[in-house]
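Novice: Listed below are the residues making up each chain.
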Amino acid sequence: MQENNSVGIVAPQTAHFNTPLTLKSGAVLQQFDLVYETYGTLNADKSNAVLICHALSGTHHVAGKYSEADKYPGWWDNLVGPNKPLDTNKFFVIGVNNLGGCHGSTGPISTNPATNQPWGSQFPVVTVEDWVKSQALLADYLGIQQLAAVVGGSLGGMQALQWTIAYPERVRHALVIASAPNLTAQNMAFNEVARQAIITDPEFHGGDFYAHGVLPRRGLRIARMLGHITYLSDDAMGAKFGRKLKGDIKYSFDAEFEMESYLRYQGDKFAGEFDANTYLRMTRALDYYDPALDFDGDLSAALKKVTAKFLVVSFTSDWRFSPARSREIVKALLDNERTVSYAEVTAAHGHDAFLMPDKHYHDILRAYLNNVEVGSHHAK
Amino acid sequence: MQNNVNITNSIQIFRQDFAIISGWVKFGSKVLDLGCGDGELLQFLRSSLEVKGYGVEKDDANWLACMKNGSNVIQMDLEDGLSGFEDQSFDTVVLSQTLQAMHKTEEIVQEMLRVGREVIVTFPNFGYWRNRLQITNGRMPVSKILPYQWYDTPNVHLCTINDFDEFCKNHKITILERCVITDTKAVNFMPNLLGNLAMYRLKAK
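If you're matching them up, the sequences are chains A and B in order. Using the working numbering, the first residue of the first sequence is number 160, and each one after it goes up by one. Using the working numbering, the first residue of the second sequence is number 7, and each one after it goes up by one.
Just so you know, these hints were derived from the structure itself, not from any lab. Ideal placement from N, C-alpha and C gives every residue a C-beta, glycine not left out. Where hints are given, some of them may not hold.
Stated by the list, open to error - Residues of chain B clear of chain A, computed beta-carbon distances all greater than 12 Å:
#: 1; residue: R21
#: 2; residue: D23
#: 3; residue: F24
#: 4; residue: G43
#: 5; residue: G144
#: 6; residue: W156
#: 7; residue: Y157
#: 8; residue: E183
Unchecked claim - Facing chain A, according to a computed beta carbon distance under 10 Å, are these residues of chain B, among others:
#: 9; residue: L55
#: 10; residue: D66
#: 11; residue: A67
#: 12; residue: A71
#: 13; residue: C72
#: 14; residue: N78
#: 15; residue: E92
#: 16; residue: V162
So that you can see chain B by itself, here it is in the shape it has in the complex (with noise of 0.2 Å):
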């Protein structure tokens, strides 16, 4: 294991995202995963909440990674919105580092609103001070958790917790609850400079 720290750290990291979600889905609630990738975090609020639990995945191979883990999972493009779902038919709608790369962030987050009752966001904070270092030397961050070049990264829409912040109270989202982490820790100073990864909870005002 020790020859592998760099993967056991990045599996902490989404460990640690799973966690602080678990602590705000309800047991035996209805979750709907949007960007579900191969379906471990539904598969995670299954075994721990019981979660009666679907996922949203464009990607073929994730799609069926996500079938073989035994998650429900619809196949369609977020960027379509979510018309196949009816209002307030969720108990909560998660977007787990996503939102960054969605071309129509607005109606996306709008979409989650009217689909569940409370809504997760996460994504990396570009506010991350190793970001803004990277920047002060000329070069586009890259991270373990903006792993992309400049080139090839899907992340159309990056963003800061204060950008984030600014766009809930613009658009009379609710936040209910804001988690920042780094490396697993939850940082509490200065957050939008230190903080890795940023978590919200939030609903519809």
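Next up, chain A with everything else stripped away, as it sits in the complex (with noise of 0.2 Å):
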């Protein structure tokens, strides 16, 4: 059964690049690949385009199935579909999965022609600033000069962030949510964390585990844990699970709450399904992205160039990427005096709370990309 306001069967669809890219950190690619999904269709002059970025653990399946047997739709068809806020009557939208994941672009899992083995841990450190730019060449792939909106969540909302501060002049409106300009110490500490998880694990062997015909799956396991943990508020998990126990006190070590064997579970699916080497990647990533660096910490002179306008929200439980660090993103905007809103939304889910359909979230969303202009008329 198909929904009506569904984007129904999809299917990926991958862009080879033979241009050799520099990374940031001075690594080249020599080739790669980047999956991606579409949804919608562009228009006659491309002005209705929508990149969205993924975080930490999300892929290119945005939206749809893939089959009518899929249990589950991409990760935010909350959001993107026909008459949905994100609405694919008017918006042509992409998604993908970013250089070093493990869906399909080119990451660790992915064999390294040098060598004809799996790149492991050779494959380089790659940062937003590379996702960024990779994501501008698959929208040249595209024919598209100019995205309508850029929009992410958290590790995505810094995507969308440094689209608007590398080519200020390919993208019209950002749509910031959950995210920060930078990440606190504590923050990089839960990421720390979840990397020497992964790291110590006899299993990990260095990144180099696929020719042992193993996976770090405890060290996955226990990252993606932490992971949960940081996502939710106390209180969401409080209503969520309590001290609700599974059976009888048992004094023992087992799953006995309810929390415990929800990690428990969370954490054994992520790691049957999630590479270690892109997890590592992807918290560095996060880690390293501090576009105010290079201006003596001045956030507001890094956002000089900037001309998009800009949706900025957060989640009043957030704690992980807390509204005051989106303020910090709203102040540098309005020092820079560019066009800026920002809303605070009232939840209870924490970090999580970005990809819940939550009424007035989505109505948030959808009255901004309403405002965006496509089309004929766009040009200012």
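Quick one: dock chain against chain with the hints and give me the complex.
Specialist: The structure is reproduced here in structure tokens:
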């Protein structure tokens, strides 16, 4: 059964790039693939394209299903579709798997053409800047000179922000949701614990576990469990699980509380489908992103050349990417007299709220996107 | 239209308010409207004076209405001050009929004077004779401009024109202009008794 506001059955595509890509680290990818999906139709003057940037564990599969039998649709299906807030009747929406990912774009599990072995530990550390650079190449490939909007939550929001810095003339609107202009020490600390869990797993083998036919499941599992704790608020966990037990107290270390079995389930599921090397790189990209670094920490100076219009959204219970961090972005934009609106959504779900179909949150996105002009009238 | 006299009147009062504010705002200037509601004033100033406007609004429904009107709107609570705005970064900061609902009255006025080169404050004059009459009759005033009952009012710091003049004097605030109106008409004679809505153009001394 297909919902009438779903993009329906979709299929990923692959763009192959033969031109060497120099990364921020100085490493060079001689060639690479980006796997992507699109929804809606690119209009005649190619002015209605919206790029969705994914967060830590996201993919190019933003909306729709691959077959009727699919249990779950894409990760932001509640946002993207006909008559949904990001309306595919109006926009041509692009989802892309970032470089270093593990869902089809070139990454640590891909074959290194120089060795004919999986890249593994040899895959370079990629940054938000690198991703945006490669996404711009994808836009070129699709014949899109200027995006109507770039949308992203969390790490995806950093990419949306970076687009406006790196390619001011190529993006008209940025929707930066539950994000930050850089990570705090505490936020990076969670990433470090997650990476240590993976790196110290005996089956990690320095990142070249593929050759050993094993997976560092335990490390990845713990990393994901930790992540899940930080994506939820204390209240949301309380409401979801509280102190509920699965049965009688057994005086053991089994998963006796429902919260424990939830974390274990999420950890196991993730460890079975996500690449540990990708996880390391995604968290590192988060850590490194800091556009103000080259401007003595002055974010306003870093955003001087930005011309895009902004919608910045945060969630009250999000303590990993707190509203205060979003307000820093807003202030820097105001300092530059840029066009910006900011919504602080009252939500109980913590960082995860950006993926939830909260009515007011979606009304905000819908109202903003309704005002985004496409077609022959967009040029100002 | 005849059967909507009250609504028409209240719109006229509001529009008069706007007309005076637009006379105090320069063409193409940068305006911050605090407690901007659905963004009607910003929209008016944008279309009539091509201002670069930003609104500040706490309420979700108002925020959304403002966004739909095409205004830039920042969601925050004015009681927390204006820390997201640099000193003297706006030509004009407006607080339209919101002063009386502020808890931290002195703080917000100081913050407005810090952020704006000029400040416009408007508020219902509690000294208006109809209010006085209702109090004389032993009841809290309820009117078009003060539509709340005593138990459900957001208005915690109502004042008279004389009170506000005194406030400005004590806080070293220069009154550049003052305009008092009642039902769209300017009131020059005994404004604290005969004026319904007080409007001030201020700057720091």
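Novice: Taking the hints in turn, state whether each one holds.
Specialist: Comparing the hints with the structure gives:
1. R21: holds (25 Å)
2. D23: holds (24 Å)
3. F24: About 22 Å separates F24(B) from the closest Cβ of chain A, which puts it past 12 Å; holds.
4. G43: holds (15 Å)
5. G144: Holds, because the least Cβ-Cβ distance between G144(B) and chain A comes to about 41 Å, which exceeds 12 Å.
6. W156: holds (28 Å)
7. Y157: holds (25 Å)
8. E183: E183(B) clear of chain A: closest Cβ-Cβ about 26 Å, beyond 12 Å.
9. L55: Violated, about 16 Å.
10. D66: Holds - the Cβ of D66(B) comes within 10 Å of chain A, reaching about 6 Å at its closest.
11. A67: holds (9 Å)
12. A71: holds (9 Å)
13. C72: With a minimum Cβ separation of about 8 Å from chain A (threshold 10 Å), the hint on C72(B) holds.
14. N78: holds (5 Å)
15. E92: holds (6 Å)
16. V162: Violated, because the Cβ-Cβ distance from V162(B) to chain A comes to roughly 23 Å (cut-off 10 Å).
The earlier numbered hints that this structure contradicts are 9 and 16.
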